[in-house]
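Colleague: Sequence order for the protein chains is S and X. Be aware that the first sequence starts at 1, since it is given in the numbering used here, and climbs by one per residue. Be aware that the second sequence starts at 1, since it is given in the numbering used here, and climbs by one per residue.
Since the hints were made in silico from the structure, they are not lab data. You may find that some hints are simply not true.
Residues from chain X shown here face chain S by an in silico Cβ test under 10 Å; the list is partial [stated by the list, open to error]:
id, residue
1, Ala107
2, Asp220
3, Ala222
Covered, in the sense of this in silico footprint (three residues per stretch, anywhere, with C-beta under 8 Å from a C-beta of chain X), are these stretches of chain S [stated by the list, open to error]:
id, stretch
4, 58-66
5, 94-101
6, 131-139
7, 171-185
As the structure is a computational prediction, the values presented were derived from the model and not from experiment. A virtual CB, placed ideally from N, CA and C, is assigned to each residue, including glycine.
Protein chains: 2
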Amino acid sequence: MRAVVLCSGGLDSTVAAAEARAAGYELYLLSVNYGQRHAVELARVPEIAAALGAARHLVLDVNLRGIGGSALTDAIPVPKDRSVEAMGAGIPPTYVPARNTLFLALALGWAEVVGAETIYFGANILDYSGYPDCRPEFLRAFEALARVGTKAGVEGRTILIEAPLLRMTKADIIRRGVALGAPLHLTHSCYDPDEMGRACGRCDSCRLRRKGFAEAQVADPASYASEK
Amino acid sequence: MRAVVLCSGGLDSTVAAAEARAAGYELYLLSVNYGQRHAVELARVPEIAAALGAARHLVLDVNLRGIGGSALTDAIPVPKDRSVEAMGAGIPPTYVPARNTLFLALALGWAEVVGAETIYFGANILDYSGYPDCRPEFLRAFEALARVGTKAGVEGRTILIEAPLLRMTKADIIRRGVALGAPLHLTHSCYDPDEMGRACGRCDSCRLRRKGFAEAQVADPASYASEK
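Next comes chain S alone, as it looks inside the complex (with noise of 0.2 Å):
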């Protein structure tokens, strides 16, 4: 039993990754390096497949930067400082257009070939509840989609999206974490990492990660360049 992870070395995937392991799945783990400003993350991403004892790490770069058009790859400033309610309101310019199809149809595409079933996938809707494409109804679309537009479908073997994480809190999803023994010292959140690989600790992702370690009363292993 085979699932593909979506695993960017933060938070979120590692957890489900972890979700998956807990599950049965042999782990595939697949990291896309799409021109991010935070592509330290991706550093981790080795070792966190190590620590789960993943079967395959596979890196795709895919560069987003000649579309543009999100703070995450293009010259658009990454907001700091805002509070989770600010963060809440309407579609945040961190969002990378369709960046989230674009993951699933990677790993719809290596799930066809390694003969996966399932692609897990660390999105959640209450922190970032502006993505358009992390809300059930995107991920019952693309479930969709894979059943008509792939040999897989057309042979009848359905591949899934598990999002296991979709209405957690991070600080659940700290919890849960913990509780899986997922490597959580070695993922990286900042989407505005220092030229150190620092997190920034003022950025959503940062806020977001150290309000959910505070509420879950686990020590944040992050290092921090603010203590703010």
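Given the coordinates of chain S, assemble chain X onto it according to the supplied hints.
Modeller: Relative to chain S, chain X alone:
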């Protein structure tokens, strides 16, 4: 009025681009270098873009050789000298897992950023009836995905997929291309060109092209390594 056109440098996508131009769209040509055996076709796109007066031409690199599983990206032989009937039976080895999902995902992202309302796609179900990701139900499923999975969709700007060649024979496509003034002389169709970039004349794609030009009674401007 803008359209993103998936343009490989092949016959079908070039005629699809000419259709978009004829419909009054400003053309944003998107080519994907996915590690295909026949990447030589991509070299034709800048001239095709110029001939069609495209507003922009963007090439994105995604190396699908890491995924493999296709005669176009892996060490699987490209079929030669097959009859059209044999090509139509089942899913051919030139099927690239989830390739068109990936292509449309990239086109969707760019369409969002440039404000295009339509994606033109040279999919055809007559000649390659075995490719699941050329079928109308796949295209409709992708539109449904785009509606729920993008900022554009959430804001009510639907992005539609136009596949004007979907039910046309190759001869019809060629006649239509001639009528629209599409630069057919710049197109390349072969799946397995030689080192000089010359078409083999024997793969499914060459055979369909040659048959189409013969039926349309138009001289094929391509040069072939084999007269077969």
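Colleague: Taking the hints in turn, state whether each one holds.
Modeller: Outcome of the hint check:
{"no.": "1", "hint": "Ala107", "verdict": "holds (8 Å)"}
{"no.": "2", "hint": "Asp220", "verdict": "violated (31 Å)"}
{"no.": "3", "hint": "Ala222", "verdict": "violated (29 Å)"}
{"no.": "4", "hint": "58-66", "verdict": "holds (count 8)"}
{"no.": "5", "hint": "94-101", "verdict": "holds (count 7)"}
{"no.": "6", "hint": "131-139", "verdict": "holds (count 5)"}
{"no.": "7", "hint": "171-185", "verdict": "violated (count 0)"}
Hints 2, 3, 7 from the list above are not met by this structure, while the remaining hints are.
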